[in-house]
Amino acid sequence: MKDYDSKLDGNWEQQINALLDGELGQADADELKSAATDDRELARAIVEAYQLQQVMADIKVERAPASLNKRLRAIPREQRPAAKIKLFQPRWVMALAAVPLAIIAVSIMQPDTPSEAEVAKARQELAIAFAYLDKAGTITGREIESTVGHTMADAVTGSVNRAIKLQNETSKEKEA
Amino acid sequence: MKRSMMKKFMIGLFCTLLSLPAIAQEDELKDLPGYVDFGDLSSMYGEPKIIINLGGTMLNFVGMMSSSESPETADLISKLKGIRVMIYSTDENAGAAKSQFAEVKGKLNSSGWEPIVQVNEDDEQVMIYMKMDGENMEGLTVMVVDEEEAVFVNVIGQLNPAELGKVMETLDVDMDLDLD
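Residue numbers (my numbering), protein chains in the order written: chain U, 1 to 176; chain L, 177 to 356.
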């Protein structure tokens, strides 16, 4: 034996596997059979291999329980290293900050309808502005009156108002 | 080092977000020809006791609200593009306000504004300026400084002062302004 020992360890084993898989060529198959005729060990190895193949073929595949399948599938996910996103890196901070900035900018650019309370507040503010304008007019009228007399004060403030009114009327006529 | 820069960045970003609406409103008015920059007296008198910035959009809504009560008021408001008011308490120390007053007056004189009425008393100064573009009124500026307050009013657009009284009745102004 010889010669077989070395072959059984290497080449013969491959040939037996090929024979069982039906992939062994005719010449090699004949050579294997011839060798097995002379070598009981080899013959027994071939027979055992056949028997093992038969036994394997007879084994029924048992389906694993669903819970086990689920756990087995989860193993790669659990063992995968968690992706580390460093949120405080400058690029992430800028990217995150850009989102609210863009939302606010868009909301400012779009002329949205103010609430009734906002319009009422604006109306009150407008009234305050007009009151101060009126106050300025009253002061100037009073000062002019005390300096040059009532008639002249009326003439001056009146002419100012008339001048402004005239240009408003001119604009109106133009628009018409 | 990195954390410190990040902190500064976050603070800067926060301030930018807060000031965006005010910047937008101010920018809307700044582009108009009747706009006047009154400067800032807050370092001397603190924050203004009254600050009003009404742009064209808001004035349109006020005009619409008033149209059913008084078409005259709605008509007057429709010609306005903006109104700004800044009022500081001078607390019997009107020096800084008078200096600012003179500075604004210089700017108005050099940028096409015309003085309409001026009162120069020791304890009180009043100036009314108007800006015209041909026959169209672009703005009216009123400044009043006395020992109690400094008032800066900038009307952008067209306004007929003679109609103010009627409009104020409609707006139901309940104000007691000290005229003494």
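It is worth saying that the hints were derived from the structure and are not from the lab.
Do not take every clue at face value.
Below, in silico cross-link-like pairs of lysine to any residue (SDA-like), each with a Cα-Cα straight-line distance of 20 Å or less [said to hold, decoys possible]:
(1) U:K121 x L:K283
(2) U:K135 x L:S265
(3) L:K283 x L:D267
(4) L:K255 x U:I128
(5) L:K225 x U:A127
(6) U:K121 x L:V293
Model, not experiment: these values are computed from the prediction.
To see whether the hints hold, each was checked on the structure:
| no. | hint | result |
| --- | --- | --- |
| 1 | U:K121 x L:K283 | violated, 32 Å |
| 2 | U:K135 x L:S265 | holds, 16 Å |
| 3 | L:K283 x L:D267 | violated, 26 Å |
| 4 | L:K255 x U:I128 | holds, 18 Å |
| 5 | L:K225 x U:A127 | holds, 16 Å |
| 6 | U:K121 x L:V293 | violated, 31 Å |
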